[in-house]
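Asks: Sequence:
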Amino acid sequence: MARAATTSDAFNAIAEPQRRDILVLLRAGERPVTDLAQELGMSQPQASKHLRVLREVGLVRVRGAGKQRLYGLDARGLRPVHEWAGGFERFWNESFDRLDTYVQDLKQTQQLKQTQQEE
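Here the sequence shown is numbered in my numbering, starting from 1 and rising by one per residue.
Note that these hints are calculated values from the structure, not bench results.
Virtual Cβ for every residue (Gly too), placed ideally from N, Cα, C.
Among the hints, erroneous ones may be present.
As the list claims (entries may be wrong) - With beta-carbon atoms standing in for the labels, derived distance ranges:
1. Pro80 <-> Leu112: 18 to 24 Å
2. Gly66 <-> Ser95: 47 to 53 Å
3. Asp97 <-> Gly72: 36 to 42 Å
4. Thr34 <-> Lys107: 52 to 58 Å
5. Ser95 <-> Val62: 37 to 43 Å
6. Arg98 <-> Val24: 15 to 21 Å
7. Asp97 <-> Gly29: 33 to 39 Å
8. Asn12 <-> Gln117: 55 to 61 Å
Input sequences plus hints: build the corresponding full structure.
Replies: Rendered as structure tokens:
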């Protein structure tokens, strides 16, 4: 089965680790492509390609500031990812609740054994 184009949706776009790294950097605010490329240890053309993909799926916006183009995060594009991942929140909460119950039971058992040994 052919893989969907990276520009088809946010899921495919963020499948690339370097694009996720760019999004993390943009959380702090707008940055020019040269800063992003330098920070991530990639060439400016590589960074530009990743930014183009992120822009096409609505995760990054660009604005001109004099001779520079500043890229910023548009987190609204991550809503589908957030909604999908949020569906697993109940699963994780229940798993952590079960783990907490197990740890509490284990502590009580150990305390009971220790008390019995001291008697």
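Asks: A separate judgement is required for each hint: does it hold in the structure or not?
Replies: Going down the list of hints, with the structure as the test:
no. : hint                         : in the structure
1   : Pro80 <-> Leu112: 18 to 24 Å : 50 Å, violated
2   : Gly66 <-> Ser95: 47 to 53 Å  : 51 Å, holds
3   : Asp97 <-> Gly72: 36 to 42 Å  : 38 Å, holds
4   : Thr34 <-> Lys107: 52 to 58 Å : 54 Å, holds
5   : Ser95 <-> Val62: 37 to 43 Å  : 41 Å, holds
6   : Arg98 <-> Val24: 15 to 21 Å  : 32 Å, violated
7   : Asp97 <-> Gly29: 33 to 39 Å  : 38 Å, holds
8   : Asn12 <-> Gln117: 55 to 61 Å : 59 Å, holds
Of the numbered hints stated above, those contradicted by the structure are hints 1 and 6, listed in ascending order.
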